[in-house]
Amino acid sequence: MSSHGSAQKMTARASGPLTGTAHVPGDKSISHRALILGAMAVGETRITGLLEGEDVLDTAKAMAALGADVNQLGPGEWSVHGVGVGGFSEPEDVIDCGNSGTGVRLIMGAMATTPISATFTGDASLRSRPMGRVTDPLALFGAQAVGRAGGKLPMTIVGATDPLPVDYVTPMASAQVKSAVLLAGLNAPGQTVVTERAATRDHTERMLRGFGAEVVTEQTEDGYRITLTGQPELKPQEITVPRDSSSAAFPVCAALVVPGSDVLVPNIGLNPTRAGLFTTLREMGANLTFENEREEGGEPVADLRARFSPTMKGIEVPAERAPAMIDEYPILSVVAANAEGITHMPGVHELRVKESDRIDAMAVGLRACGVTVDETEDSFTVHGLGAGGVPGGATVAARLDHRIAMSFLICGMAAQEPVSVDDGSPIATSFPIFEPLMAELGAQIVRSNG
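Using the UniProt record's numbering, the first residue of the sequence shown is number 1, and each one after it goes up by one.
In case anyone wonders, no lab produced these hints; they're calculated from the structure.
In this text, all values refer to a predicted model and were calculated from it rather than measured experimentally.
Hints may be right or wrong, so weigh each one.
What follows is a set of in silico ranges between Cβ atoms, one per label pair, in the way DEER data are often shown [as the list claims (entries may be wrong)]:
| no. | residue 1 | residue 2 | range |
| --- | --- | --- | --- |
| 1 | Ala319 | Val169 | 17 to 23 Å |
| 2 | Thr48 | Thr21 | 28 to 34 Å |
| 3 | Arg294 | Gly388 | 35 to 41 Å |
| 4 | Thr21 | Gly74 | 19 to 25 Å |
| 5 | Arg447 | Thr220 | 28 to 34 Å |
| 6 | Glu417 | Arg209 | 49 to 55 Å |
Okay, derived cross-link-like pairs now, DSBU-like style, lysine-lysine, Cα gap no bigger than 30 Å in a straight line [stated by the list, open to error]:
| no. | residue 1 | residue 2 |
| --- | --- | --- |
| 7 | Lys313 | Lys61 |
| 8 | Lys61 | Lys9 |
| 9 | Lys235 | Lys9 |
| 10 | Lys152 | Lys61 |
Here a beta-carbon is modelled for each residue, glycine too, at the ideal position from N, C-alpha and C.
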């Protein structure tokens, strides 16, 4: 069960059409970064539209523990009085990041070049996830990490006393790793360079520039080279957080697979490093349109309209697209089960080290719902049954993973028989209004004690 509550079995069954407007929460990735960079600026940063899910609230608590003055002013309205680059103070207690891999890895990076120590932990899911991918490059700055065997939480980071700038090539496509190195580079002299072979979400680079840091991105033969000039004075900002594209994926995909549906999801961030799912859905033949396209706070934004799409076809999803949609493969696999033909999703090994092994979790759950799924170490293939063809009727293990839980609840909305998840409580980490939002559209979700 979730570290934040008791297990809650949840069941979704077929309903009438889903209709209306779905106002999803603020973007989780941008919310984490707004709090962290606000805490590293000098002066007051005001944030509007902050996602108030458990993951982001844990990051807010962590920034306060490191010495920033963090206050909620109203729903989604927050104030952060920062302490400046290198100004974090040593926390008095362990920092609990709950279920958030993004939170813990970015915070580790942010404090790794300040001469303080901090101990990090999280829930059972987070304590099982590898931290070496972040602590290895942080060691190049001079930071030290002491944790459990296998580089797992709980873990203490001892920040570098005399940090050195780093030139680092990421061994995997991971925005968390890239961001941790860039945040550590803020308090190192000279230039810190990160090279990634495939472009990952670039919210950190965009926001660093907004706060006044010098960040240059260039495409080279080796990939994307990001150069950060260290030791800037970050200037406080007024930040409006766009609505979360990963959360939008759930009402959008539900509308595509539930007969008769027509759902509008306004103000969705369409950063090209995040919007791979929507490109893929359109390639499958989804009736998905972008309306009122515009730019807000340096991020492209649009209103998404999704309508029931009974003639979607399975496709080969390009492997190079994986970094732009890595969190959306679970819900994509549900759409694939409701499409005609085979959907092959290669290049997704990163899914095996998320909140759960998401390839295995989706494969096991979909098979229990009557769908044929093949998997390899870094790919999985769904044999679609067409619109309304998924038998359902299973109870699926959510594995403390919010996206697995929500994906199978969407599956139940279009299946012939109800689909249950053993514990839906982790949904609150990223999408605390998921149930009432889906219910307002017409979905039928009921909960009982797990």
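Do the hints match the structure? See the list:
1. A C-beta distance of roughly 19 Å is found between alanine 319 and valine 169, which places it inside the suggested range of 17 to 23 Å.
2. Between threonine 48 and threonine 21 the beta carbon distance is about 20 Å. The supplied range of 28 to 34 Å is therefore violated.
3. Remark: the range hint 35 to 41 Å for arginine 294 to glycine 388 is upheld by a beta-carbon distance near 36 Å.
4. In this structure the supplied range 19 to 25 Å holds for threonine 21 paired with glycine 74, their Cβ-Cβ distance being about 22 Å.
5. Taken as a hint, the range 28 to 34 Å is violated for the pair arginine 447 and threonine 220, whose Cβ atoms sit roughly 51 Å apart.
6. Restraint check, glutamate 417 to arginine 209: a C-beta distance of roughly 51 Å satisfies the suggested window 49 to 55 Å.
7. Between lysine 313 and lysine 61 the alpha-carbon distance is near 45 Å, which puts this suggested pair outside the 30 Å criterion.
8. Only pairs whose Cα atoms come within 30 Å are accepted, and lysine 61 paired with lysine 9 is accepted, the gap being roughly 29 Å.
9. Restraint check for lysine 235 and lysine 9: not satisfied, since their Cα atoms lie roughly 46 Å apart, outside the 30 Å limit.
10. A distance of roughly 21 Å separates the Cα atoms of lysine 152 and lysine 61; the hinted pair therefore holds under the 30 Å criterion.
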